[in-house]
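> Be aware that the sequence shown starts at 26, since it is given in this note's numbering, and climbs by one per residue.
These are calculated hints, taken from the structure and not from any lab test.
Below are the EDC-like pairs computed for lysine to aspartate or glutamate, each with C-alpha atoms no more than 16 Å apart in a straight line:
no.	residue 1	residue 2
1	Lys-325	Asp-228
2	Lys-136	Asp-207
3	Lys-136	Asp-82
4	Lys-136	Glu-211
5	Lys-312	Asp-228
6	Lys-136	Asp-214
7	Lys-310	Asp-228
8	Lys-136	Asp-260
9	Lys-325	Glu-314
10	Lys-325	Asp-239
11	Lys-310	Glu-280
12	Lys-325	Glu-275
13	Lys-310	Asp-283
14	Lys-136	Glu-218
15	Lys-312	Glu-280
16	Lys-136	Asp-261
Note that the structure is a prediction, hence the values are computed from the model and not measured.
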Amino acid sequence: MPPSRSHIRATIEAYLGRHAEEREALDGLLAVLDGNGEPSSRATLPHHVTCSAVVIDRDRRVLHIDHRATGLLLNPGGHVEAGDRTLLSAAVREVCEEAGIRPGDLCLTPKFLDSPIDVDVHDIDANPAKGEPAHQHFDFRFAFYLTAEQPPLALQYEEVTGAQWLPFADVRFPTLRAKLLDAGAEGLDGQPEPVNAGALIHDGHGRYLLRLRDDRERIWAPWVFALLGGGRTIDDSCLAATLRRELAEEVLGLEPTDLMPFAVEEATSVDGLAVPIQVYAGRWKGKAETVELREGVLLKWCTVDMLERLRLSPGLGELIRRHAAEHPAAEGLSDRPRPLPGEAPAGTELHIVGVHLHLQDEHGRILLGLRHPSSAFAPDTWHFLAVH
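Sequences are here, hints too, so could you generate the full structure?
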C-alpha cells in the first residue's frame with residue numbers, strides 16, 4: 026500500500042504549521058487530498074505527490090543528480106511506489122536507487138527529523154512517449170545527513186548521467202535553497218547526532234527495568250525487550266526533554282531520578298536509516314506492576330544473569346552489562362537484589378514448591394488468613410493458608 030491519504034494530510038498540515046505563508050501555493054495539493062484519486066499515483070492528473078531526498082555532507086553540500094531524460098540537475102527523487110508506506114520511505118528508496126547510497130548511510134537531521142524541509146510545486150512537460158499530458162508535481166523533500174564522511178556513489182546510469190555536490194547557495198530549487206540558507210550553519214552542519222533518547226533505568230541493586238514492545242506492523246523492534254524512550258519531535262527543546270515526554274507518554278507513575286547521559290548507541294529504523302540514540306541512566310526503586318504501561322506489553326525488572334534468556338533489542342545486552350560493570354551493586358549486598366516491599370525476603374528459595382489451601386464452605390465463602398504485621402513477606406495482607 027502507498028502512503029495513506031491521512032499520512033499525507035498530517036505531513037502537509039504539520040509543514041504548513043511551520044510555513045503558513047505557503048498554504049495558498051499548496052491549495053492544489055489540499056484539493057488533491059480532498060478528491061477521489063490516489064494522491065501519490067502518477068496516474069492522478071493533473072497533480073500528484075512525489076518525494077525527493079536532500080542529502081547533506083560534512084561540508085554542507087547537497088547531492089544533485091544529472092537526469093538523463095531532462096538534462097536537469099536535481100535532488101534524487103521521483104514517483105511514489107506501491108511498497109512505500111510513508112513519504113519518507115519513498116525518498117529513501119529513491120536516493121538508494123539513483124545514487125546507490127544505502128539507507129544505513131543516512132540519518133535524520135536534528136533540525137527537521139522526519140518532516141519535510143520543503144514542499145515544492147513545479148510543472149512537468151507533457152511526455153507523449155508515456156502518454157502523459159503536462160501536469161504538476163507536489164514534491165515532498167526530506168533532509169538527511171551522511172553517517173560516513175563520503176560513501177561511494179553507485180549511480181543508476183539508465184536514468185542518471187552524473188552527480189555533483191553543491192553548496193547550499195548553489196542548490197537548484199529556489200524554495201529549497203532559501204530554507205537551507207535560513208537554517209544556517211548551526212541548524213544544518215552535516216554532523217550526525219542523536220535524534221532518539223532511551224532510559225536505562227536501574228534500582229542500584231543489579232536490576233534493570235525493561236519493556237516488552239508490542240508486536241505490530243511498522244513498529245521498531247517488535248516483540249522484544251527494550252529500553253523506554255523514543256524519537257525526538259520538532260517541539261522538543263533537547264533530548265532530555267524528549268526523554269521526559271516519552272516516559273510520561275509511555276508509563277504513568279514512573280519518575281526516575283538522577284537521569285544522566287551514559288552512552289550513545291546506534292539502531293536501525295524501519296526504513297533502514299541509521300538512528301543514533303542518546304541513552305540516559307537513572308534510578309527508580311518502584312514496583313513494575315504498580316505503574317500503568319501505556320505503550321508495550323510488559324514492564325519487568327531484569328538482572329544481568331537473565332539477559333541470555335530474553336529476546337533483546339540489538340546491542341541492549343552489552344549496554345546493560347557495561348553499565349553493571351561500571352556501576353556495581355551497592356556494597357554489602359549479595360548478588361541477589363534487595364527485595365522491595367511485598368517481595369520475598371533475602372534467602373528465600375524462589376524455585377521450590379509452595380502449597381496454598383483453597384478452602385471454601387457451602388455458602389461460597391473462602392477462608393483467608395491475615396498475615397502478621399512483622400512478616401517479611403506481605404505483612405498485614407489477607408492470604409491463603411500457605412507453606413513451602
